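**Student:** As they're listed, the protein sequences go chains S and L.
Residue numbers 33 to 380, in this note's numbering, belong to the letters of the first sequence in order.
Residue numbers 8 to 232, in this note's numbering, belong to the letters of the second sequence in order.
Don't take each hint at face value.
What the hints assert, rightly or not - Computed cross-link-like contacts, DMTMM-like style, restricted to lysine to aspartate or glutamate with a CA-CA straight-line distance of at most 20 angstroms:
hint, chain 1, residue 1, chain 2, residue 2
1, S, K241, S, D195
2, S, K139, L, D67
3, S, K241, S, D296
4, S, K139, S, D35
5, L, K228, S, E264
6, L, K228, S, D195
7, S, K139, L, D55
8, S, K139, S, E264
9, S, K139, S, D195
Claimed, not checked - Some chain S residues judged to face chain L by a derived CB distance under 10 angstroms, without partners named:
hint, residue
10, F74
11, R84
12, G102
13, V103
14, A106
15, D107
16, A130
17, T257
18, A258
19, A260
20, R268
21, S272
22, V275
23, D366
Unchecked claim - Estimated spans, in silico, between C-beta atoms of each pair:
hint, chain 1, residue 1, chain 2, residue 2, range
24, L, A45, S, A245, 34 to 40 angstroms
25, L, R217, S, G330, 54 to 60 angstroms
26, S, R99, L, A56, 28 to 34 angstroms
27, L, T212, S, G302, 51 to 57 angstroms
28, S, D95, L, A139, 47 to 53 angstroms
29, L, P219, S, E100, 27 to 33 angstroms
30, S, P212, L, A56, 19 to 25 angstroms
31, L, G62, S, E100, 53 to 59 angstroms
32, S, R261, L, A45, 43 to 49 angstroms
33, S, E163, L, A56, 37 to 43 angstroms
34, L, R64, S, P212, 34 to 40 angstroms
35, S, G330, L, P219, 26 to 32 angstroms
36, S, P212, L, D67, 49 to 55 angstroms
37, L, R203, S, A361, 26 to 32 angstroms
Just so you know, the hints here were simulated from the structure itself, not pulled from any lab data.
Quick caveat: nothing in here was measured; it's all calculated off a predicted structure.
Heads up, the beta-carbon is just placed ideally off N, CA and C, and yes, glycines get one too.
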Amino acid sequence: MSDEPLILGIETSCDETGVGIVRGHTLLADALASSVEQHARFGGVVPEVASRAHLEAIVPTMDRALREAGVTLADIDAIAVTSGPGLAGALLVGVAAAKGYAIAAEKPVYGVNHLAAHVAVDTLEHGPLPEPAIALLVSGGHSSLLLVDDLARGVTPLGATIDDAAGEAFDKVARLLGLPFPGGPYIDREARAGDPAAIGFPRGLTAAKDLAAHRYDFSFSGLKTAVARWVEARQRAGESVPVADVAASFQEAVCDVLVRKALDACRANGVETLVIGGGVAANSRLRAMACDRAAAHGIRVRVPRPGLCTDNGAMVAALGSHLVAAGVAPSRLDLPADSAMPLTTVSV
Amino acid sequence: MLVLVVDSSTPAVTAALVEVAADGVAIRAYRCTVDARAHGELLAPQVDAVLAEAGARPADLGAIVAGLGPGPFTGLRVGLVTAATIGQVLGVPTYGVCSLDAIGHPAAAGEPVLAASDARRREIYWAVYDGAGQRIVGPEVSVPAVAAERARSLAVTAAVGDGAHRYADALGLPVRDEPRYPDAGVLATLAAERIRAGAPSEALTPLYLRRPDAVAATARKPVLP
Ligand SMILES: [Zn+2]
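Given these sequences and hints, build the entire structure.
**Tutor:** This is the structure we're talking about:
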């Protein structure tokens, strides 16, 4: 095991500064600094606030990761960094940091795709990923369904949200219900005491007429508006809002669509493995529903533990490790931060 | 002692290797590219290039000097994070210098001078230097007219820097050609005393001068009519 490459991963695409260290598929360190509290009063991530926080956090977070793993930068074989997609200014801090570390420690650097890293992180818990697999990636910034043929060289996008990201819908509904930002964990907690069948909220892009053009796409904007209408109608009628039931019914609608489309993609492509990642994959109902329904179709669901679903450095290190093992060439020192990096590009 | 100097506070992305000796500062290798939109792409290869040109390894570096700005935030951070990470790996001290000082200090030959760089949004980052090159006002960010008025009150006789070129009319001062951007040798010179004394490493905190654009969340608009 000790002759497997030691890989460092740096993540700064949104509001988490992450540094992870892996050896092969073994996680050695996962240090994280979050600026989430600085964004709470704005109701969403403010890019410049996130970028400033990354600059302050990167060096101490690196120190913590190295200490946690008991290694030095001289021991590292390669450095991977999220070079996109994400917030441009935030990505740039991580990419410049990775280059600084690479130059000073005289190591190769890999600029990698954040979404592919969300898939790769699962290998740290469940070992090598069978290919092809279907990946469902859901967070505050992205909602995508992908066919993973070759995680080292390219994935095929099947569908994505056409409006809000799934995590964004959680944030907005949480706000409507007077719950804090980010909304996901609070909706999840409230929903446990609620009835998921209490209110029949709409399932976006699941009607027969929508499926023709948007079989694997998502839409959460209509759902968000429907929840707002329902809550406002109760408030105007002078009635109290059953927060737990609204949270449970909303969560059920989101999870139902996500799982339905992900399993449809598995069956249509003859794929037996579904990987779920991204912050929304920490949702307990999504995990349970996916496992239950997939079992009926003989499909195996792989979801990393919640701490690895949200953005972190370990996921970037995991993808870097996969790339090194697959013999992929490192990036050049002029590698750019690409806020709109396409899914078909795993590394640059 | 071999010192790496970086500055990304203006459209000029600069990396230099400088020898700081007891009797002076000499540039060993130097790269500067003017491109306001490619700081992230340009700086690291330039650092690599100056090391290669001087035949030096990173481990040969004894200190790192970085221009702290002020400057447009996204580009400015590239230089600072590059300096901080290299310093961390090598375990060598990092020192910050106000980037405007590397324009205004060498330009102040006996008479006060205004140094300015472009702050976008029709504003400039600026500071005023006395005849000996000491900063007496700033750094500040404002429209050129505010800087011009302050400069007049301080008997400034010339303006210098890219911001002065861009807003020469609004400033109403004769503009010196050089330096247009922060000078790497001057950045090193302004840190040389600290380098020679082995002063403690400094946190490279950017001179942002502006708050982030962000508004606190307001009340939600109802969806029902
Ligand atoms: Zn993510």
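**Student:** With reference to the structure, classify each hint as holding or not holding.
**Tutor:** Here is what the structure says about each hint:
no.: 1; hint: S:K241 - S:D195; in the structure: 18 angstroms, holds
no.: 2; hint: S:K139 - L:D67; in the structure: 16 angstroms, holds
no.: 3; hint: S:K241 - S:D296; in the structure: 16 angstroms, holds
no.: 4; hint: S:K139 - S:D35; in the structure: 17 angstroms, holds
no.: 5; hint: L:K228 - S:E264; in the structure: 11 angstroms, holds
no.: 6; hint: L:K228 - S:D195; in the structure: 19 angstroms, holds
no.: 7; hint: S:K139 - L:D55; in the structure: 12 angstroms, holds
no.: 8; hint: S:K139 - S:E264; in the structure: 57 angstroms, violated
no.: 9; hint: S:K139 - S:D195; in the structure: 40 angstroms, violated
no.: 10; hint: F74; in the structure: 5 angstroms, holds
no.: 11; hint: R84; in the structure: 7 angstroms, holds
no.: 12; hint: G102; in the structure: 17 angstroms, violated
no.: 13; hint: V103; in the structure: 13 angstroms, violated
no.: 14; hint: A106; in the structure: 8 angstroms, holds
no.: 15; hint: D107; in the structure: 12 angstroms, violated
no.: 16; hint: A130; in the structure: 8 angstroms, holds
no.: 17; hint: T257; in the structure: 5 angstroms, holds
no.: 18; hint: A258; in the structure: 9 angstroms, holds
no.: 19; hint: A260; in the structure: 4 angstroms, holds
no.: 20; hint: R268; in the structure: 7 angstroms, holds
no.: 21; hint: S272; in the structure: 17 angstroms, violated
no.: 22; hint: V275; in the structure: 16 angstroms, violated
no.: 23; hint: D366; in the structure: 5 angstroms, holds
no.: 24; hint: L:A45 - S:A245: 34 to 40 angstroms; in the structure: 39 angstroms, holds
no.: 25; hint: L:R217 - S:G330: 54 to 60 angstroms; in the structure: 57 angstroms, holds
no.: 26; hint: S:R99 - L:A56: 28 to 34 angstroms; in the structure: 33 angstroms, holds
no.: 27; hint: L:T212 - S:G302: 51 to 57 angstroms; in the structure: 55 angstroms, holds
no.: 28; hint: S:D95 - L:A139: 47 to 53 angstroms; in the structure: 41 angstroms, violated
no.: 29; hint: L:P219 - S:E100: 27 to 33 angstroms; in the structure: 31 angstroms, holds
no.: 30; hint: S:P212 - L:A56: 19 to 25 angstroms; in the structure: 49 angstroms, violated
no.: 31; hint: L:G62 - S:E100: 53 to 59 angstroms; in the structure: 37 angstroms, violated
no.: 32; hint: S:R261 - L:A45: 43 to 49 angstroms; in the structure: 47 angstroms, holds
no.: 33; hint: S:E163 - L:A56: 37 to 43 angstroms; in the structure: 40 angstroms, holds
no.: 34; hint: L:R64 - S:P212: 34 to 40 angstroms; in the structure: 50 angstroms, violated
no.: 35; hint: S:G330 - L:P219: 26 to 32 angstroms; in the structure: 50 angstroms, violated
no.: 36; hint: S:P212 - L:D67: 49 to 55 angstroms; in the structure: 51 angstroms, holds
no.: 37; hint: L:R203 - S:A361: 26 to 32 angstroms; in the structure: 43 angstroms, violated
Checked against the numbered hints given earlier, the structure breaks hints 8, 9, 12, 13, 15, 21, 22, 28, 30, 31, 34, 35 and 37 and satisfies all the rest.
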